[in-house]
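Undergrad: For the sequence shown, the working numbering begins at -18 and goes up steadily by one.
Derived from the structure by calculation, the hints contain no laboratory data. Treat the hints with care, as some may be off.
Derived pair list, reagent style EDC-like, types lysine to aspartate or glutamate, alpha-carbon separation capped at 16 Å [said to hold, decoys possible]: (1) K255 <-> E155; (2) K170 <-> D138; (3) K255 <-> D54; (4) K41 <-> D143; (5) K41 <-> D138; (6) K170 <-> D127; (7) K170 <-> D54; (8) K41 <-> D54.
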Amino acid sequence: MTEAAPTTLADLRGEIDRIDSAMHALLMERSQVIETLISIKKTQASGSAFRPGREADIMKRLALSHKGLLPLDTVESVWRIIIATFTYVQANYSVHADMSGGDAAMRDSARFHFGFTVPYIPHEDARSVIRAVAGSAGDLGIFRMDQGASAGIWWRDLIGPDAPKIIARLPFVERPNHPAGTPVYCIAKPLADAAVREIVLYAARVERWSESLRHGLAEHLAEVSASAADGSHLSLLVAASGEVDQATVRQALLPAGLSDFAEIGSHAARFSVKSAR
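Kindly generate the complete structure, drawing on both the sequences and the hints.
TA: Structure (structure tokens):
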């Protein structure tokens, strides 16, 4: 015989209390699994706790499966805090943020994606963020994708095997009126096998620019995300599909007098939903 669904206010409040208790119990159970994970890591080769590809996948699956009265904003925020905080307890880290475009948007982005437990450290510009992450034990950095010409050629600071790299583009799930919708890059020290390579980013230096070069890149699923004068040359930040190999992107830039070319990171492809509900 099936139990009757609760019909009184007292019954419904009792159901809410039961669900709240179950949610808390599951969070504590998750914590126990993380404790076991930490103890296992102590006996094996250490590595970063960040898994940007897995995080992007979790956010996409949540957005696709979500329905009902509860706003997607809330669901995404709760999961971001859970993921970021459990990553923090595995290995403490701080988030360094570029304040050059204003404090409010970057603080919203940091708190939405990483919660209030993770320390938040403001900086004057993107290059300062990159230096701070480079000198840290394992911190993250965030800065606006659209830096403008005054920011300089910040992407060249990501060149080199030990330099920080772009590991994510936030927010993971884009939508109108997102509470932390400013598009930002997230950087960390190189993650090796943890990186997701749906979009790969390159720093390039060329002698000249032309529209034919733009069309040539587009033919290979690549585009220039930023550019700045670099002495007598032009420095480019190029974003390309991970399905296109590095040699092909490089070849597309040769007609412009390519003199320098290096991979500086990667991230998940953009994922958008129409509504916050």
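Undergrad: Enumerate the violated hints, using their earlier numbering and listing them in ascending order.
TA: Violated hints: 4, 5, 6, 7; rest satisfied.
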